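Per numbering that gives the first Met the number 0, the very first residue in the sequence shown carries number 0; after that it's consecutive.
Rather than coming from a laboratory, the hints here were simulated on the basis of the structure. Please read all numbers here as calculations on a predicted model, not as lab measurements. Any given hint could be a false lead.
As the list claims (entries may be wrong) - For lysine-lysine, the following DSS-like pairs were computed, each having C-alpha atoms within a straight-line distance of at most 30 Å:
| id | residue 1 | residue 2 |
| --- | --- | --- |
| 1 | LYS131 | LYS154 |
| 2 | LYS57 | LYS46 |
| 3 | LYS75 | LYS57 |
| 4 | LYS36 | LYS46 |
| 5 | LYS89 | LYS75 |
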Amino acid sequence: MAESKNKSQKKRSTGKKSSSSKVIKPLKSSDIPVTQKMLYGVRDELKSDISSVRLEMKAEFKKVDARFDEVFGEFKRVDSRFCSMEGQFKSIDARLNSMDARFDEVLSEVKKQSAQTSRMLTLIEEQENRNKFVLDGYRSLNDRIEPLERALGKKA
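The task is simple: from the sequences and hints, build the whole structure.
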């Protein structure tokens with residue numbers, strides 16, 4: 000296939016018989032000869048394009064780095080807020096522990112009062128039983144004295 004292209008080019012380019020001093024014009028851009036100046040020009044253009052892309056990439060990376068720094072700053076602020084909240088929770092825990100201690104003291108006092116009340120009830124029951132014995136004694140004494148008083152009352 001490459002041979003057929005070469006033959007067709009030769010036929011087109013050599014359509015007229017020309018002398019050896021005439022320049023043959025190529026039909027395709029890939030067949031145009033390039034000078035060293037043109038080559039360096041393209042090379043310089045490509046190098047400047049590559050440099051431009053590198054600078055753009057550096058700028059974009061700096062933007063991304065700045066954004067990351069901003070996000071890290073946010074994280075640090077959130078972290079400090081969490082630390083602050085943790086301190087507040089510890090303070091609340093300390094206050095709750097203090098309240099628990101006070102409730103334990105109150106419960107202890109209630110238990111003491113309950114024990115004293117039980118002791119008082121026991122003493123009252125004991126006194127009540129003693130009073131019954133005394134009242135029973137008074138009753139029996141009254142039962143003995145009453146007939147004597149009636150007998151003396153009839154005589155007088």
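| said: Tell me the numbers of any earlier hints that the structure contravenes, in ascending order. | reply: 1
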